[in-house]
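As given, the protein sequences belong to chains H and U, one line each in that order. Each step along the first sequence adds one to the number in numbering that gives the first Met the number 0, with nothing skipped, and position 13 is 12. Each step along the second sequence adds one to the number in numbering that gives the first Met the number 0, with nothing skipped, and position 174 is 173.
There's no promise every hint is true.
[To be verified] Each pair of labels, with its calculated beta carbon distance range: (1) H:G97 x U:S172: 51 to 59 Å; (2) U:R211 x H:A94: 19 to 27 Å; (3) H:D64 x U:L130: 47 to 55 Å; (4) U:A194 x H:G62: 34 to 42 Å.
[Claimed, not checked] So, partial list: chain U residues that the calculated Cβ filter (under 7 Å) puts toward chain H: (5) S30; (6) V39; (7) F48; (8) F95; (9) A176.
Hints are computed from structural coordinates only; laboratory data are not their basis. Glycine included, every Cβ here is placed at the ideal spot set by N, Cα and C.
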Amino acid sequence: MTTTRLFVIAGLLMSFALVLLVSPFANPNPDGLNRVAEDKGFAAAETDHTFGDGPLADYAVRGVDDDFISKGLSGVIGVLATFALGLALFASLRARRGDRTTTKEND
Amino acid sequence: MHIPDGFINAGTSLGAGVLAAGGVAVAVKKSSQYMEDKQVPLAGLTAAFVFAVQMLNFPVAAGTSGHLLGGALAAILVGPWAGALCVTVVLIVQAFFADGGVTALGLNILDMGLVTALGGYAVFAGLRRVLPKSKASVTVAAGLAAGVSVVLSSIAFWSQFALGGNVDIALGSVLVAMVGVHTVIGIGEGLITAATVGLVLGVRPDLVYGARDLALLLELRPQMRTAGGTS
Numbered sequence: 000m001t002t003t004r005l006f007v008i009a010g011l012l013m014s015f016a017l018v019l020l021v022s023p024f025a026n027p028n029p030d031g032l033n034r035v036a037e038d039k040g041f042a043a044a045e046t047d048h049t050f051g052d053g054p055l056a057d058y059a060v061r062g063v064d065d066d067f068i069s070k071g072l073s074g075v076i077g078v079l080a081t082f083a084l085g086l087a088l089f090a091s092l093r094a095r096r097g098d099r100t101t102t103k104e105n106d
Numbered sequence: 000m001h002i003p004d005g006f007i008n009a010g011t012s013l014g015a016g017v018l019a020a021g022g023v024a025v026a027v028k029k030s031s032q033y034m035e036d037k038q039v040p041l042a043g044l045t046a047a048f049v050f051a052v053q054m055l056n057f058p059v060a061a062g063t064s065g066h067l068l069g070g071a072l073a074a075i076l077v078g079p080w081a082g083a084l085c086v087t088v089v090l091i092v093q094a095f096f097a098d099g100g101v102t103a104l105g106l107n108i109l110d111m112g113l114v115t116a117l118g119g120y121a122v123f124a125g126l127r128r129v130l131p132k133s134k135a136s137v138t139v140a141a142g143l144a145a146g147v148s149v150v151l152s153s154i155a156f157w158s159q160f161a162l163g164g165n166v167d168i169a170l171g172s173v174l175v176a177m178v179g180v181h182t183v184i185g186i187g188e189g190l191i192t193a194a195t196v197g198l199v200l201g202v203r204p205d206l207v208y209g210a211r212d213l214a215l216l217l218e219l220r221p222q223m224r225t226a227g228g229t230s
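Construct the entire structure; sequences and hints are all you get.
Here you go:
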């Protein structure tokens, strides 16, 4: 049995590997909803995104010219941000219930 | 599947925002009731993993791709309510990547967070009731439920489009097209979900919320053996 901490670190490394090494090869075609929107004629209703000119828009890091690296790097930022936000949210949820029903794992 | 700004009118988007906020509030309350210490980092990891895998679009038909939604996967790993919150966190972060409209955030939280996590988990729980109690059953049920969750999500989008679509087109053909392409995407969702749940079950079965009954059996067995030996 691996400890929970080791498991989480391994999971994060796997996520980094996926965004860095696999995501640049992801299929670039429109997804199911966008395809239906194009085929049925409501794709043009899409308006400009609030953060369409943002530093991470469309999974690219502004200033990083290499597409491959730019996408992978944006993914690393996204994975870290999601992990941090998720951890903060779930830790505060756990803290809402003050009792300790489980003993803290020794890891 | 991320709905951009403009597809759905402001009134429907606002209504969806209110509904999504209510759903998230319930999810916060419910998941705080069962969240254990060891599940906190796991839930954070689940959200991060869903973000990563959502970037991996796979081909589904000529000129069309699909990607994991992850709500069913998250629900099976950390529980349905916490799972919905995982996807909500992913969607909020993705807004900064210009993926999914800001005014459409409520619509997207409903379709990709609440519907997939709660609907997917309901299907998963139903399948587990009729399948034998084993790790293999958990993996199979996870895959099937995840596939169904994508179709449910596409129907949820369609109902929002029917209520407040900004373009007036035949609704029946939109429904057929949405369900059709998302049935194929659902196969990919099911395979990724089954593979991930199977992997976690192999390494740390006690961390899979949807397999708590199995973990309990595994933990009890050696104790029972010890109890039998000492008596």
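Structure-based check of each hint:
The hinted window of 51 to 59 Å between G97 (chain H) and S172 (chain U) holds, with their beta carbons roughly 54 Å apart. Our hint of 19 to 27 Å for R211 (chain U) and A94 (chain H) holds, since their Cβ atoms are close to 22 Å apart. D64 (chain H) and L130 (chain U) have their C-beta atoms about 51 Å apart, which keeps the hinted 47 to 55 Å range intact. Between A194 (chain U) and G62 (chain H) the C-beta distance comes to about 36 Å, which sits within the given range of 34 to 42 Å.
Taken as an interface hint, S30 (chain U) checks out: its beta carbon lies about 6 Å from the nearest beta carbon of chain H, inside 7 Å. The beta carbon of V39 (chain U) is positioned within 7 Å of a beta carbon in chain H (closest approach about 5 Å), and the interface hint is therefore held. Satisfaction of the interface hint for F48 (chain U) is found here, the shortest Cβ-Cβ separation to chain H being roughly 5 Å, below the 7 Å cut-off. Because the closest C-beta pair between F95 (chain U) and chain H is about 6 Å apart, less than 7 Å, the hint holds.
Nearest Cβ of chain H to the Cβ of A176 (chain U): about 5 Å, under the 7 Å cut. The hint holds.
No hint from the list above goes unmet by this structure.
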